[in-house]
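Residue numbers (the UniProt record's numbering), protein chains in the order written: chain X, 1 to 681; chain U, 1 to 681.
None of these hints come from the bench; they were simulated from the model.
One thing to keep in mind: the hints can contain errors.
Under the rule of at most 35 Å between Cα atoms (straight-line distance), these lysine-lysine pairs were calculated in the DSBU-like manner [claimed, not checked]:
1) U:K261 - X:K261
2) X:K300 - U:K159
3) X:K26 - U:K261
4) X:K176 - U:K21
5) X:K84 - U:K300
6) X:K84 - U:K155
7) X:K84 - U:K176
8) X:K288 - U:K155
9) U:K21 - X:K678
10) X:K159 - U:K155
To spell it out: a stretch of chain X is covered by chain U in this simulated footprint if at least three of its residues, at any positions, have a beta carbon under 8 Å from a beta carbon of chain U; those stretches are [claimed, not checked]:
11) 182-191
12) 264-275
13) 372-385
Note that this is a predicted model, so its numbers are computed, not measured.
Idealized CB from N, CA, C, for every residue including glycine.
So the chains spell out like this:
Number of protein chains: 2
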Amino acid sequence: MSTTKKGLSLLFDRPREPIYKSRANKTVFSIPPEYIVNHFQPLLPHFGDDYNEEFIPIRRITIPPLGEILELQRDENFSLFIPKHRRIAGKFIDIFLAMANLDELLAVAVYAWDRVNPYLFNYALSVAILHRPDTQDFDLPPFIETFPDKYLDAKVFAKVREEMTVVPDGSRIPIKMPKDYTASDLEVEHRLAYFREDLGINLHHWHWHLVYPIEAAREVVAKNRRGELFYYMHQQIIARYNYERLCNKLERVTRLNDWTKEIEEGYFPKLDSLVAGRSWPGRFANQKIRDLNREVDQIKQDVEDLKRWSDRIYAAIHQGSVTDASGGTISLTENEGIDILGNMVESSILSPNRTFYGDLHNMGHVFISYIHDPDHRHLESFGVMGDLATAMRDPVFYRWHSYIDDIFQEYKATLPRYSENQLNYSGITVSNIEVQSEGSPNNTFNTFWQQSDVDLSRGMDFQPRGSVFVRFTHLQHQPFTYKITVNNQANGSRQGTCRIFLAPKNDEKGNPWLFRDQKTMFIELDKFTVNLKQGQNTINRASNQSSVTIPFERTFRNLDLNRPQGGEALAQFNFCGCGWPAHMLIPKGTPEGFASQLFVMISNYEDDKIDQKTDGVCNDAGSYCGIKDKLYPDRRSMGYPFDRMPRTGVDTLEQFLTPNMRVQDVTIKFSDRTVRPKQRN
Amino acid sequence: MSTTKKGLSLLFDRPREPIYKSRANKTVFSIPPEYIVNHFQPLLPHFGDDYNEEFIPIRRITIPPLGEILELQRDENFSLFIPKHRRIAGKFIDIFLAMANLDELLAVAVYAWDRVNPYLFNYALSVAILHRPDTQDFDLPPFIETFPDKYLDAKVFAKVREEMTVVPDGSRIPIKMPKDYTASDLEVEHRLAYFREDLGINLHHWHWHLVYPIEAAREVVAKNRRGELFYYMHQQIIARYNYERLCNKLERVTRLNDWTKEIEEGYFPKLDSLVAGRSWPGRFANQKIRDLNREVDQIKQDVEDLKRWSDRIYAAIHQGSVTDASGGTISLTENEGIDILGNMVESSILSPNRTFYGDLHNMGHVFISYIHDPDHRHLESFGVMGDLATAMRDPVFYRWHSYIDDIFQEYKATLPRYSENQLNYSGITVSNIEVQSEGSPNNTFNTFWQQSDVDLSRGMDFQPRGSVFVRFTHLQHQPFTYKITVNNQANGSRQGTCRIFLAPKNDEKGNPWLFRDQKTMFIELDKFTVNLKQGQNTINRASNQSSVTIPFERTFRNLDLNRPQGGEALAQFNFCGCGWPAHMLIPKGTPEGFASQLFVMISNYEDDKIDQKTDGVCNDAGSYCGIKDKLYPDRRSMGYPFDRMPRTGVDTLEQFLTPNMRVQDVTIKFSDRTVRPKQRN
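Chain X on its own, in the form it takes in the complex (with noise of 0.2 Å):
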């Protein structure tokens, strides 16, 4: 690695600590006095830190003026929800992504460092990294490890800055933190905090709008199919959610869809932040969301204005066609209106009136998150609903996403219902699946709670340095692998995309589903190209090879550990952070084991394929995350053959299978144990 980029790597470590303080590795940045900040200026004589270690220089440049990203201040809290908030992190994103070079990025970063709310800053030089082209072969550390504060029960801290302390490192033991920290069996919504509070879950969800932010230069946010995927990502947590729900005796969630309503579950996160010297404000039962008027984040804003925005989304959606900035008509078409009203609903600056269809979902979050103090008038800062990073703890959000869903649900109901030509592989058939994994009957899945370890040193600002792990537990499942038979008796090999997805069999009465409702409890598992020869082929696919996920090491990398060594084995390494966690593939089931369908469709090649070369970074969990910096890696909607209504005649899921698709009757068995931590890597 270039001095440069090791630079920009220490920039990502103890966030708090002054610039010109010894870094990691024993590393200082060699700084032109005039960018140390005044307040540091008397200290400069003093520092007296060993200095027998490896210069950064850092090159004296013209700054471009930061204006208003400085107005958020250092010990604020920082939220993408709050468009002053997304408005000055565009702006620094832009300032990092206009450098002509890499030491140039370096010497603002480093000016910027003491100045700018390290929230912000973490993300605007994060979206910058991802996008620049020079900085594609560099590791962005997992947030989790900077910002340890927002995944991690507040109590852990405490015990941290004692471990560090008190113990040298080396013979330091994890931090247990408990698997169940902010709520009782009492309250029924804890029965999914496993997956609310997971880890992995909520670092894909930080990672997830790090690659498709809100707003910065247009060429950034315009990826391709953003808004769809903005539906589809959204829709499949609801739909695993559902899941999970449904696994532990709860009906699927209530939408929040009445505004005027009390919002009946409460919840308490117990998280600090390290930065604003805040914990996460909790959010009581029974409260209701109020007209918005917070002067310091130039916010004001009726509940009313929900409801006009998502009339006007609806009337859209019932017309067709969009209204956009200068009074034109934008038709919602079969296969593009998806990716107008993602954008349009989520809001990003790619809606095509945000004055006309407005802020919905991103607002949502905003009223959700400060239930508390409306007006300002307790200083307080938002709940955990108004952060990115943290959102996906509170029952709320799934109860605001499914309203969200909805929409777009509503939209795809007008959409024409795939005849069986488009649904069909003339000639392909899937004539058999079998789930295999060691040591279980076939067709189970098995599900068990795992231990695993994260190094939060990163994090510790002013602790001393050397590596403190805590020790949590989360929902893991058997590897296990798919094994598919597929008849091709076409006139040759042929090629077909491989779409593997997973519902429960029956809905929370225990009745049948009728197709139209479990279509959107599928769960998308794997999807990949197969080859078929002419006959009779068997398709072996292990788990750890799915299109949604990134293994766990990748989630919770030590950068500083077992890295590998270049290019080759970097581009394999994968620095992309977005992706499901693996370890949350399955759903937990139950003791007795959940009856679920495994489903498996061939579909033809020719439909789906878009040509790119895709070998290289990011790829694996294409599917929720798409390609970093290429196109969507499959032609069809996003959700095909769910997204739509069924066609004509179709009641259930049996009814609407053609040759090439196949359903088998597969069970989910939990088991209450708890596997100790894998060797750390």
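Chain X is fixed; fit chain U onto it per the hints.
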């Protein structure tokens, strides 16, 4: 100071750092190895601190079983309102009190250090030290130094950690804490934040309850007129709060007597608990208290119970007697009844019948403090109302105590009125009163903002040593002198008690008071014995001599600096921390001048006096705190002459006056300027 006492003093420093580590001033406890808790045993050979220092030998004794005391986890919060916590605190106090000598006391304390909850440890050891005969010359450090998190904006701590790590000891500058950080002016109740959140007031409240524990060995609890002082101290808090409210154009506080109604005003304390690793939860606006069922606290209590208890207490008042636990009857006599009632309402272990009269005041605190999580479903700890050190920050504290005070007022209204004879002091006339303050017209009090610094390095576990100051802003007044002219027309010299009170001249509507209302508005400013020679006497009395206050330097003293040496000086220094903070003696007033009435009375010392020697410690805030190990220094009912309804025919203060009383119109002028800190001492 003996080595053992030095050892004790180290136990008020860095409450979470392990006992075997080097402590303040490079002192190390030489501890029997079996005292060290298991999880630190492996570290002992490594500790590697610089051991060229003073050793304090710890004796090997038979440690009494700690039993239930260990049930409160080290990272939990501790509340003297929760019966279970009270009980284990009482047991722990009794263990400390029972140790035969200082060496054994130190031994058991060192043994308990890493095993017992740090808040509980500090409380129990403090009470024991205050009450053991062999620790009467021991300086108890101010609670705020050991646990600054209970008093300071949570944001301060991140800055303190930065300052302690980045800036070498000696060059550190005070961290500024904003005057307003819990709310904005939009919240009308925030006008009183300077009072509610005053560090000195909250420290006083904590210390008062150290002197008057609710539960412990009977000889510690059963102090002279303890129940009456509970009434009077809190009555004065409410009077002072109402005074401040009137200065801020707010009406007197509304009693919290309808427990089925929502509590309108919310409060968000923005305090962290460094020990519990949890912040203090906010209290949302418009919440109702609800039935409690918290297994963890062993509390199962209905709101209805409060009602039941208060009905029985009112019945006792109106019957003039209480029923004791064995079914006997105890009369509420004219002078002693209030003491019984105080213990009953609070309640302390002196309550004549806790089963029947319940635990009204304490449980009110508990109900309110759990308003956000009454059944512990969210695993939440209590709000600030649940801790004596923090309760006075919350506006609802005053609503609750106004209700409690009203019960006492109801009782006081049943007592015989004072006759003119009981009020007058034959031959004694107060003929003139003047308040003199440098640089301002007579009879004017001047108030303003003052900045002061407090050192919190004792409380910053796992940080480098050396002082670090937080600069806070509080109300202050110009020092002043009362000049009182008294004629003694009796035959020979006389002794009297000079009683000085202050009240607003008009009610919140600007109308003159009826005496029956104004009497509960009088705040005590001073009370002292005077010798009156025959003829004219001039009494000069300085504001800093007040019998209700302790000087600023005592509230916030830094024990490591400027400590007086030797017995006499030490006695003068006065190490008892109970007392209203001197800087809050005079209410804030208004810029235009707040019209008030200064009341002076000379009562007959023959009817007032208590025969005891009160030289030495802890006697200068006697009116609010009593005198340690002595009788209350005034034989009259506390609050005399304003503690009862006026005699027939008296409707106004003027009519109430006898010749030995006088009223002077005065004004309190607030000037919105901030005075920089005095030289640290």
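Hints and how they fare:
1. U:K261 - X:K261: At roughly 20 Å apart (the allowed maximum being 35 Å), X:K261 and U:K261 satisfy the hint.
2. X:K300 - U:K159: Distance of about 32 Å is within 35 Å: holds.
3. X:K26 - U:K261: violated (61 Å)
4. X:K176 - U:K21: Distance ~23 Å between X:K176 and U:K21 Cα, so the pair holds.
5. X:K84 - U:K300: The hint is violated at about 47 Å.
6. X:K84 - U:K155: Answer holds: X:K84 to U:K155 is near 23 Å, not above 35 Å.
7. X:K84 - U:K176: holds (27 Å)
8. X:K288 - U:K155: The hint holds at about 29 Å.
9. U:K21 - X:K678: holds (33 Å)
10. X:K159 - U:K155: holds (19 Å)
11. 182-191: Holds: 6 residues of the region 182-191 of chain X have a Cβ under 8 Å from chain U.
12. 264-275: Holds, because 7 residues of the region 264-275 of chain X bring their Cβ atoms closer than 8 Å to Cβ atoms of chain U.
13. 372-385: As far as the region 372-385 of chain X goes, the hint holds, because 8 residues have Cβ atoms under 8 Å from chain U.
Hint violations for this structure: numbers 3, 5, all remaining hints satisfied.
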